[in-house]
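Take the given structure of chain A and dock chain B to it, following the hints.
Chains A and B are the protein sequences, given in the same order.
Residue 1420 is where the first sequence starts when you use this note's numbering, and the numbers rise one by one after that.
Residue 1420 is where the second sequence starts when you use this note's numbering, and the numbers rise one by one after that.
Check the hints yourself; a few may be wrong.
Rough simulated footprint, nothing fancy, chain B against chain A, three-plus residues with beta-carbon under 8 Å [to be verified]: (1) 1563-1575; (2) 1629-1637; (3) 1665-1673; (4) 1685-1691.
Just so you know, these hints were derived from the structure itself, not from any lab.
Just so we're clear, the structure is a prediction, and the values are computed from it rather than from any experiment.
A virtual CB, placed ideally from N, CA and C, is assigned to each residue, including glycine.
Protein chains: 2
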Amino acid sequence: MRSSVRIIVDAMGGDNAPEAVVKGALSVHGQGGVEIILAGREEEILAAAGGSVPAGVQVVDAREVIEICDDPATAFKRKKDSSVTVGLTMLKNGEGDAFVSAGSTGALLSAATLIVKRVRGIRRAALCPVIPTATGRAVLIDCGANAECTAEYLTQFAYLGSFYARRVLGVKRPRVGLLNIGAEPSKGDALRHETYPILQAAGERGELNFIGNIEAKEAILGGCDVIVSDGFAGNIMLKSIEGVGSFLGREVKGMFLRSGLSKMCALLMKGSLRTFKEKIDPDTIGGTAFIGISKPVIKAHGSSGERAIAQAVRQAAAVARSGIIADIEANVSRMHPSAEQL
Amino acid sequence: MRSSVRIIVDAMGGDNAPEAVVKGALSVHGQGGVEIILAGREEEILAAAGGSVPAGVQVVDAREVIEICDDPATAFKRKKDSSVTVGLTMLKNGEGDAFVSAGSTGALLSAATLIVKRVRGIRRAALCPVIPTATGRAVLIDCGANAECTAEYLTQFAYLGSFYARRVLGVKRPRVGLLNIGAEPSKGDALRHETYPILQAAGERGELNFIGNIEAKEAILGGCDVIVSDGFAGNIMLKSIEGVGSFLGREVKGMFLRSGLSKMCALLMKGSLRTFKEKIDPDTIGGTAFIGISKPVIKAHGSSGERAIAQAVRQAAAVARSGIIADIEANVSRMHPSAEQL
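Next comes chain A alone, as it looks inside the complex (with noise of 0.2 Å):
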């Protein structure tokens, strides 16, 4: 058995807390090495527990909750006995080795950034999703942290979603693409123009495997395994493919309930429609690592399940055994624009 790993849940975030989330934890507590630490209003969480939870898991009181309507920049400051807060202090004192949370990213990004710190000579920590593709899967980074970018940024985000798509995803040497208007070298802004010759002498030197710029479409057909981008540009790409993703799948699911001979094709066609729905599904791929940070945190979507709550911790767990952070702390003083000039 592999060697146990501690996650830090966040009882209270998001829209189905503290039920799913207590239970959607506790549903992993257990396999392979997980253990689950629960932050937040003791009793509520017990509640949710059923009334008690399961030996060997921690339960750890907090008695404010961060709540959407609160500044997100000094929510945990002001909010000092928060789940987020209490939870994230005990991942920087080194009580767990990951935290999940599925309440408000902002103020998640925030408290990461001030209490547990991005790794030293990381400019910016950023959201790095995994995107389902027509063949695998993709890293997104960043995808909403960061509206207003520097090449420096893009070029740490290229060397970062990398190294994840490498330790925690298990593909062998990424291909890094530059998220532009086209495929050409002289496609796009200001931004793009500076940061692609960086990119290009990093992929030189051996240090990335960059495949130039690379447009959404191609993206979402398999043409890399990394896809970086600003926050603002990477967010409207994520945003949009569940957007078709919502609205396909209700298209789809609208075929098949037309008439009673469609009905009867959605039974005679349920595996193939579980396969299909899965695909689309956002709780199939759990949440988005803050790449950057000192330590894995993770943030579930807000709307998450019981489910995918428990995607979200075995990513945690993931995430937190895959070396990520070392390879960053290793490689840091390489993730800037002057280094191509060296």
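Below, chain B without anything else, positioned relative to chain A:
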């Protein structure tokens, strides 16, 4: 019958030119008053048409062809006898009412801007495709012509898109949304922060039906009629939609091809499947209008087949008849950031 409208078609542009372009254009000739003018190598056009063209179709000989490898900014000048240069010059001179091409977007945009010119006071022409949404369709402006934008450009796009939705799509009070990474006015980057209050003021003056920021997912689910974006993020959105549509389209197809039973289901559900396919088929939508140019110019998809060309010609006729350019000319003085300070 409606009054006649003359559509000049670039017979040499696109992956399937001249055959599919000529056939597609001729299939619309005479319908609802549409008259076709074909620009390109006469002998190739006649061969594609089966030896001769129907009565009333004009063929304008142009010996050169703009290729993908030509520099988009200068191709139309160096190739003065190209189908694009000849056709757009006719449009400028009033010898036709709209121009359709499936050739290089960049070359067409440069040529249209420099030969036909923008409406006076319009800073940048924008690519304005119509995208399918869960509840109907929406205009996305810009989606690639302008990778870098100012608040003034975005303000103009908001008006241009609103006129397009009203005049061409027939939406009474088009809901205009600013594409952003969150709904709150504080979300996004400096460009969005600067643009938001200008559009808000235009909304308060009753000139736009501004509904605030919109996320990509909500836009795809039908949250607005006009999606205002810089060309970079707009292109990422458009190509993401195309990518997921293509990916999930294949998945659905594969699902129905898996076994004898599922193939039988495909037969039983033939009608629904056709409707689904049409929803995700870019050919159903037709072309992308270049809005801001002083006469109608429509870019058809490079891979357009006959049906897509026919659709783009119909769309060009609709734009030519819509009165949108008169709308733009009459309102251009309102479209400036300073207007809200008057």
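Let me make sure I understand: some of the numbered hints might not hold for this structure. Which ones are they, in numerical order? none
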